[in-house]
Amino acid sequence: MAEKKEMSPELKETLRAGFNKEWRKELRKSIPAKERMKISSQKMPEREPEERNKDFNEVNIGLDAKLAKKEAQRCLDCANPGCVMGCPVGIDIPTFIKLIEIGDYVQSVRKIRETNSLPAICGRVCPQEVQCEETCNIKKAKGEGVKIGNLERFVSDYESLKGDVYIPQIQPATGKKVAVIGAGPAGLTVAGEMARNGHKVTIFEALHISGGVLVYGIPEFRLPKSILKSEVEYLEKLGVELRENFVVGLTATLEDLKNDGYDAFFIGTGAGLPNFMRIPGENLVGIYSANEYLTRVNLMKAYEFPDYDTPVFLGKRVAVIGGGNVAMDSVRTAKRLGAELAAIVYRRSRVEMPARVEEVHHGEEEGIEFHFLTTPIRYIADEKGRVKAMECLRMKLGEPDSSGRRRPVPIEGSEFIMEVDMVVVAIGQSPNPLIPQTTPQLNVGKWGNVEVDWDTMATSIEGVYAGGDIIRGGATVILAMGDARIAAAEMHKYLSEKKKKRKVPSAESKNKG
Amino acid sequence: MAKILQRERLVPNIHLIEVHAPEIAQKSKPGQFVIIMPDEKGERIPLTIADWDKEKGSVTSVFMVVGTSTHKLSLVEAESEVPVFVGPLGKPSEIKKYGTVLLAGGCFGIAAIYPIARALKEKGNKIITLLDVKANYLLYWEERLRAVSDQFFVSSRDSYYNCKDYIPKTLQNIIKKGSKINRVISIGCTYLMYTCSEATKPYGIETSVSLNPIMVDGTGMCGACRVTVDGRTKFACVDGPDFNGHLVDWEELFSRRKSYFDDEIQSLCHWEKNNFPR
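Line by line, the protein sequences are chains A and B. Numbered according to this note's numbering, the first sequence spans residues 1 to 513. Numbered according to this note's numbering, the second sequence spans residues 514 to 791.
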């Protein structure tokens, strides 16, 4: 799954310069590669499964300095670092790891922040095992790559613990206004980059708390909200303005914002439209989309009901349909809310699960059941219209499909009934339709995704860029951030070339309303 | 944060709230709604927009006190602030020349039909307004609605006004009397909208209803508000809230609206115990 991109000449040059520094040469000599290869991978300390599956506190405790140093020593500081090839945002990974090895955590995290404005988040939620850690050169030799994600998390936590968050130099004000639509991972990244380049940035967010999927989707036990909060505060320190409770498309259209003097736009409105299977009984009471279930719990804090007003079902026998990260988040949430049975029901087998390996592993430890090669075909109601069971079908794996994974094929006559009192449908999301519907000139693909030039993230409207799930459907936080970095660079180029041409709003648009 | 300009009890259990929201006021159209949260711990409650003032920059809604969050909302005072007031959400009602339009409203729906009636009237339609109240002291906005109506009826169980039957029967009586009605729009509690839809079905008069399922985000993201219309699942927040009442799966809507019945009682008891100790 690692998107191996050709490295840019600049990145190659940066890596080479770092590699050739004297202190790096010394450090490489201090422990021979052979010795480094002998050090085994340092395990991330975690809370006990039986303790953590009853609350919403974070599962992973984080490396301490000793473990971090040991893990950093495993890195061979390769001349051709495979890890960087696997990173969608092109972090100078060897340099940040070697800075950990010499104990300079502050410089280490600053090195990451040069290309990634949300390190504490990426260190927790990136699927490193299919990205940087997959392409790590010692993975080939030892089977287990350097735990880059854990190290990234270590230094960013160190930074926030010290309260010494580095504010990079902000370029002189350009007088250009940038509107970022959606405060998710893509939008926050674009906002950070553009603010550093001296543009006046406003983020428009429909919900009442910024963060997008990081706040409504990913649970507290995987990404504490306090971390997101400090990342958002960091953006505010860069001069970014946040306008929550503002639905672009309805509160104001993109065209309205253009008339208000915004010079460039980034659409990062995400995959806010849950998919359903369209099988009988899917609208019964007790059947949630993963988005609704997680939003009730994470954003609306239903796990603190009745102190908070928003309720959520406390299912005793819960089936979560799907095999991705969202499904894992849902099923582990259900377990924490007291489910006796909290089961993943997935139509393929374990190896095809798109979820991060760590989440599946954690889920297993916490008592999550896995029903592979199984799919629901209809839901059955009790006399009150609530779901009480689902009829399932067994599957077997056939020929590979377009995704390269083997296609699940139903086994005839294998129907069986599974008793459940709550179901969460986590089979993916589609791009949110609000912006496409209200922006007529915007080209949209057949899945409702905003179409872009993948080299520049430019949409069909001049000065309007897009990235993340609104162009991809349901993908990952880091891919959204990768898109965002490209978009920000192109947007900056666009605004710089645009000279000082001031746009005068037309009389007609001024008189609107 | 949005500032409350006015909060007033119109009749027992029904309140008006006017909020400073200049951007929303600019964009509001008849039939759309807002989402409001009374405080940081409240639910996100969808309320139909009852009126707006572009110059003053305000939006007005009328709501009925039901659960904890609406109780809280009924206690907010002018000049205070609410953390969430977002909109205008949903698709606007279709405003065009139909001929004669009958608008049937009850409880909060009396206010909700007002901007629709006003816009339809401006388009040159003949407006018949039919309101339903349990008793005469529960009627509000009578003058406002009379001003945009060609004919005005109130069904009131205490026989105070022209008729005492429940609204669908009055509606059928009006139809039977020979008034040519081209469209019916019904807004109020689910039962009222359901029965009005049933009442017009035999006469084949297209009936639009403004559905009120449970919502969370109100922007299409969560799917809590899914309703079945003509056999297909729709999201009331982005595909509606207006739908053809003859095609709605009412049984499903009734059932889904009652999803949290027990929780709502528990929540209310908890809140009352903490805020009004004996």
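No lab work stands behind these hints: they were computed from the structure. One should not assume that every hint holds.
[Stated by the list, open to error] Here are the in silico distance ranges between beta carbons for each label pair:
{"id": "1", "chain 1": "B", "residue 1": "570", "chain 2": "A", "residue 2": "278", "range": "52 to 62 angstroms"}
{"id": "2", "chain 1": "A", "residue 1": "107", "chain 2": "B", "residue 2": "566", "range": "35 to 45 angstroms"}
{"id": "3", "chain 1": "A", "residue 1": "381", "chain 2": "B", "residue 2": "516", "range": "55 to 65 angstroms"}
{"id": "4", "chain 1": "B", "residue 1": "590", "chain 2": "A", "residue 2": "103", "range": "38 to 48 angstroms"}
{"id": "5", "chain 1": "B", "residue 1": "553", "chain 2": "A", "residue 2": "316", "range": "47 to 57 angstroms"}
{"id": "6", "chain 1": "B", "residue 1": "516", "chain 2": "A", "residue 2": "144", "range": "41 to 51 angstroms"}
{"id": "7", "chain 1": "B", "residue 1": "695", "chain 2": "A", "residue 2": "278", "range": "31 to 41 angstroms"}
{"id": "8", "chain 1": "B", "residue 1": "775", "chain 2": "A", "residue 2": "8", "range": "35 to 45 angstroms"}
{"id": "9", "chain 1": "B", "residue 1": "634", "chain 2": "A", "residue 2": "443", "range": "35 to 45 angstroms"}
[To be verified] Simulated coverage check for chain B against chain A, where a stretch passes if three residues somewhere in it have a Cβ under 8 angstroms from a Cβ of chain A:
{"id": "10", "stretch": "631 to 643"}
{"id": "11", "stretch": "657 to 666"}
{"id": "12", "stretch": "699 to 708"}
Ideal placement from N, C-alpha and C gives every residue a C-beta, glycine not left out.
These are the hints, each one checked on the structure:
1. Our hint of 52 to 62 angstroms for residue 570 of chain B and residue 278 of chain A is violated, since their Cβ atoms are close to 43 angstroms apart.
2. About 56 angstroms separates the C-beta atoms of residue 107 of chain A and residue 566 of chain B, a value inconsistent with the hinted range of 35 to 45 angstroms.
3. For the hinted restraint 55 to 65 angstroms between residue 381 of chain A and residue 516 of chain B, the CB-CB distance of approximately 45 angstroms leaves it violated.
4. Our hint of 38 to 48 angstroms for residue 590 of chain B and residue 103 of chain A is violated, since their Cβ atoms are close to 57 angstroms apart.
5. Taken as a hint, the range 47 to 57 angstroms is violated for the pair residue 553 of chain B and residue 316 of chain A, whose Cβ atoms sit roughly 30 angstroms apart.
6. Between residue 516 of chain B and residue 144 of chain A the Cβ separation comes to about 57 angstroms, which falls outside the hinted range of 41 to 51 angstroms.
7. Distance hint check for residue 695 of chain B and residue 278 of chain A: the Cβ-Cβ separation is about 35 angstroms, which falls inside the suggested range of 31 to 41 angstroms.
8. Restraint check, residue 775 of chain B to residue 8 of chain A: a C-beta distance of roughly 59 angstroms breaks the suggested window 35 to 45 angstroms.
9. Taking the beta carbon of each, residue 634 of chain B and residue 443 of chain A are about 40 angstroms apart, inside 35 to 45 angstroms as hinted.
10. Check on the stretch 631 to 643 of chain B: 0 of its residues sit with their Cβ under 8 angstroms from a Cβ of chain A, so the three-residue criterion for coverage is violated.
11. Closer than 8 angstroms: that is the beta-carbon criterion, and the stretch 657 to 666 of chain B has 0 residues meeting it against chain A, so the requirement of 3 is violated.
12. Using a Cβ-Cβ cut-off of 8 angstroms, 0 residues of the stretch 699 to 708 of chain B lie near chain A, which falls short of the minimum of three, so the contact claim is violated.
Against the hints set out earlier in the document, violations occur for numbers 1, 2, 3, 4, 5, 6, 8, 10, 11, 12.
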